[in-house]
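If you want the building blocks of each chain, they are given just below.
2 protein chains.
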Amino acid sequence: MPEMRRDPLIGRWVIIDGSRFKGLEDFPREENTPSRQAICPFCPGREDQTPNEVDAVRPFKTPPDTPGWLVRTVPNKFPVLSPEGAIQKDGYGIYDQMTGIGAHEILIEGPDHEKTVTELSKEEMQAVISQYQSRYRQLSSDSRVKYVTIFKNFGASAGATVEHGHSQIIALPMVPKTVLEELKGAEDYYQYRGRCVFCDMIAQEYQDKERIIDENNSFLAFCSFVPRYAFETWIVPKAHGADFSTIEKVMQDQLAQILQSVLQKIRKVLSNPSYNYYLHTAPTGYGHGESYHWHIEIIPKLTRSVGFEWATGLHIVPTFPQDAARYLRES
Amino acid sequence: MPEMRRDPLIGRWVIIDGSRFKGLEDFPREENTPSRQAICPFCPGREDQTPNEVDAVRPFKTPPDTPGWLVRTVPNKFPVLSPEGAIQKDGYGIYDQMTGIGAHEILIEGPDHEKTVTELSKEEMQAVISQYQSRYRQLSSDSRVKYVTIFKNFGASAGATVEHGHSQIIALPMVPKTVLEELKGAEDYYQYRGRCVFCDMIAQEYQDKERIIDENNSFLAFCSFVPRYAFETWIVPKAHGADFSTIEKVMQDQLAQILQSVLQKIRKVLSNPSYNYYLHTAPTGYGHGESYHWHIEIIPKLTRSVGFEWATGLHIVPTFPQDAARYLRES
Chain A
1 MPEMRRDPLI
11 GRWVIIDGSR
21 FKGLEDFPRE
31 ENTPSRQAIC
41 PFCPGREDQT
51 PNEVDAVRPF
61 KTPPDTPGWL
71 VRTVPNKFPV
81 LSPEGAIQKD
91 GYGIYDQMTG
101 IGAHEILIEG
111 PDHEKTVTEL
121 SKEEMQAVIS
131 QYQSRYRQLS
141 SDSRVKYVTI
151 FKNFGASAGA
161 TVEHGHSQII
171 ALPMVPKTVL
181 EELKGAEDYY
191 QYRGRCVFCD
201 MIAQEYQDKE
211 RIIDENNSFL
221 AFCSFVPRYA
231 FETWIVPKAH
241 GADFSTIEKV
251 MQDQLAQILQ
261 SVLQKIRKVL
271 SNPSYNYYLH
281 TAPTGYGHGE
291 SYHWHIEIIP
301 KLTRSVGFEW
311 ATGLHIVPTF
321 PQDAARYLRE
331 S
Chain B
332 MPEMRRDPLI
342 GRWVIIDGSR
352 FKGLEDFPRE
362 ENTPSRQAIC
372 PFCPGREDQT
382 PNEVDAVRPF
392 KTPPDTPGWL
402 VRTVPNKFPV
412 LSPEGAIQKD
422 GYGIYDQMTG
432 IGAHEILIEG
442 PDHEKTVTEL
452 SKEEMQAVIS
462 QYQSRYRQLS
472 SDSRVKYVTI
482 FKNFGASAGA
492 TVEHGHSQII
502 ALPMVPKTVL
512 EELKGAEDYY
522 QYRGRCVFCD
532 MIAQEYQDKE
542 RIIDENNSFL
552 AFCSFVPRYA
562 FETWIVPKAH
572 GADFSTIEKV
582 MQDQLAQILQ
592 SVLQKIRKVL
602 SNPSYNYYLH
612 TAPTGYGHGE
622 SYHWHIEIIP
632 KLTRSVGFEW
642 ATGLHIVPTF
652 PQDAARYLRE
662 S
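Chains as they are written, first to last, in the numbering used here: chain A, 1 to 331; chain B, 332 to 662.
Since the hints were derived computationally from the structure, they do not count as laboratory data. Glycine included, each C-beta is placed from N, C-alpha and C at the ideal position. One thing to keep in mind: the hints can contain errors.
[Said to hold, decoys possible] For the chain A half of the interface with chain B, some residues (derived, Cβ under 10 Å), not all of them:
| # | residue |
| --- | --- |
| 1 | 57 |
| 2 | 188 |
| 3 | 190 |
| 4 | 220 |
[To be verified] Derived BS3-like pairs: lysine-lysine, alpha-carbon spacing no greater than 25 Å straight-line:
| # | chain 1 | residue 1 | chain 2 | residue 2 |
| --- | --- | --- | --- | --- |
| 5 | A | 184 | B | 515 |
| 6 | A | 77 | B | 353 |
| 7 | B | 408 | A | 22 |
| 8 | B | 353 | B | 420 |
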């Protein structure tokens with residue numbers, strides 16, 4: 001019989017129907033291997049084909065917009081939000097409107113076109129995470145910016161349009177709904193129980209063991225007990241902390257290690273699928289330091305949302321998280 | 332410059348970036364035409380290949396599970412929720428669990444395999460709507476059922492796995508999150524302004540005119556001012572009413588007319604795209620009769636959700652609703 005589950009964070013119900021899972025071969029296969037002959041604006045030597053870089057990790061002190069970088073961040077040529085202008089808020093009848101002020105940057109994850117994030121060197125992967133934090137800090141220092149979201153689309157069916165490995169960073173003029181819901185849910189839980197819901201989640205993962213995929217000194221990776229999608233995986237810092245932007249270098253490096261390790265497992269077990277991941281952190285200076293707990297959510301694109309999910313917000317998941325975790329843990 | 336908009340119902344922000352819309356030819360083309368040679372379990376004469384019918388519109392008084400029907404409803408062979416058993420609610424550490432009790436039915440929209448919903452006769456289309464209501468009433472009379480959701484997936488990329496035209500009906504043991512958010516948002520609006528937010532929406536649509544696609548005596552169809560997706564279309568009854576299950580035959584027939592008309596326009600303008608539509612109604616006996624207003628939301632599948640939407644709940648839409656409406660209205 002299908003099982004319904006609800007998470008204690010935002011009250012989301014899901015339906016897990018294990019009878020729909022026949023085996024890994026049921027999931028779609030995609031060719032997500034970068035082509036060798038690509039002429040790519042993100043490759044070294046073509047720095048003039050992107051807007052001027054705003055930040056980079058350049059161990060050899062090379063000048064901006066020249067080769068030599070490990071990681072390079074440039075404004076998106078086609079930004080969804082742009083930094084020029086003032087925020088204007090208006091009513092329009094019963095609706096609210098705001099000018100689309102913010103920023104939209106592309107973080108190029110390494111010089112080598114053929115290397116996906118799972119193949120980066122340790123040094124390159126650490127540079128990615130360090131650059132995440134430095135862009136986060138820089139963008140959130142703009143008083144018009146209320147939230148900075150960092151995410152990655154890998155593979156065409158996860159929305160990637162350029163195959164050279166990259167993440168995206170979007171600075172928003174308001175705290176987005178998904179984050180507000182988590183902040184409020186975590187605060188409600190804290191008010192009621194006096195504990196952080198994510199810390200409780202970690203305790204339960206250790207107790208149950210079966211959903212844990214990987215860990216290191218600072219982080220635990222597990223398949224969510226209430227997944228929206230098959231093989232949905234969370235990476236959560238073991239020590240309580242609401243704000244990603246304040247973590248130290250040693251913890252950044254631990255994050256680089258576990259994120260790459262989990263993505264390697266997903267690649268191996270699910271045949272290099274498309275996926276999305278994104279960072280959820282408390283907005284800097286927003287409060288909620290006791291109740292919220294930053295983390296990364298990884299969603300392999302194995303199934304699609306259909307009418308039922310739109311109508312209800314309920315997801316139907318074919319794979320029990322303990323089964324998904326076993327595949328990934330043992331890979 | 333991109334524009335941000337927020338709806339007054341659930342506080343959802345979207346980003347509309349008209350510069351991303353180059354023309355209708357940018358949207359993907361799909362072959363959503365039913366094949367002629369299909370051997371299909373939903374076709375007349377193969378009634379023994381589905382579970383026994385639970386309801387049908389049979390003008391010729393033919394016996395159940397034999398040909399002659401205009402519309403036929405059967406339990407889904409692979410239900411996501413099933414009606415056998417009691418609802419058991421348990422805690423599991425910090426999580427909640429519930430047995431997956433409910434119902435999952437398939438409403439076969441007509442006997443002709445090659446006719447999509449846009450090609451049904453007036454009589455057939457009216458039978459579909461009348462059957463929606465009769466299934467809704469029947470299923471919601473079960474005290475274990477807290478909500479009945481009616482939706483349609485058309486085309487492979489909207490999740491349809493059988494091409495013979497059909498809708499789905501799922502009875503749930505709780506009111507789903509999406510509906511709860513709308514109920515609460517509408518109630519908050521009502522408390523503050525003493526008016527129904529949907530009635531205000533209709534008034535604004537008449538004032539602005541530019542987003543209206545179609546109307547008849549009972550319904551207005553328009554492209555939402557705050558769409559999540561390009562060409563997102565709402566059909567809203569002009570007279571206030573919270574509960575779909577109580578509408579009379581004349582209004583059912585008007586709904587059949589406008590729903591089919593709008594789907595025909597979408598088919599024509601967007602080259603027979605995949606789409607989802609679903610009904611949102613106040614749960615019977617739930618209250619909120621003054622503040623909520625039932626309606627249908629139609630989402631053509633022209634773009635896909637990617638990492639940014641997952642991270643934030645914000646949607647990036649390439650098409651202004653007034654432009655989408657003009658295409659549809661003039662088709």
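Do the hints match the structure? See the list:
Given hint, residue 57 (chain A) at the interface with chain B, is violated; its Cβ is 22 Å from that chain's nearest Cβ, farther than 10 Å. The closest approach between the C-beta of residue 188 (chain A) and any C-beta of chain B is roughly 13 Å, which is over the 10 Å cut-off, so the hint fails. Restraint check, residue 190 (chain A) versus chain B: the minimum CB separation of about 13 Å is more than 10 Å; hint violated. Taking 10 Å as the C-beta contact cut-off toward chain B, the hint placing residue 220 (chain A) at the interface is violated, the least distance being around 15 Å.
For the given pair, residue 184 (chain A) sits about 16 Å from residue 515 (chain B) by alpha-carbon distance, which is consistent with the 25 Å threshold. Under the criterion of a C-alpha separation no larger than 25 Å, the hint pairing residue 77 (chain A) with residue 353 (chain B) is consistent with the structure, at around 16 Å. A C-alpha spacing of about 16 Å is found between residue 408 (chain B) and residue 22 (chain A), which places the hinted pair at or below 25 Å, so the restraint holds. As the CA atoms of residue 353 (chain B) and residue 420 (chain B) are separated by approximately 51 Å, the hinted pair breaks the 25 Å bound.
In summary, the structure is inconsistent with hints 1, 2, 3, 4 and 8 from the numbered list given earlier, while agreeing with the others.
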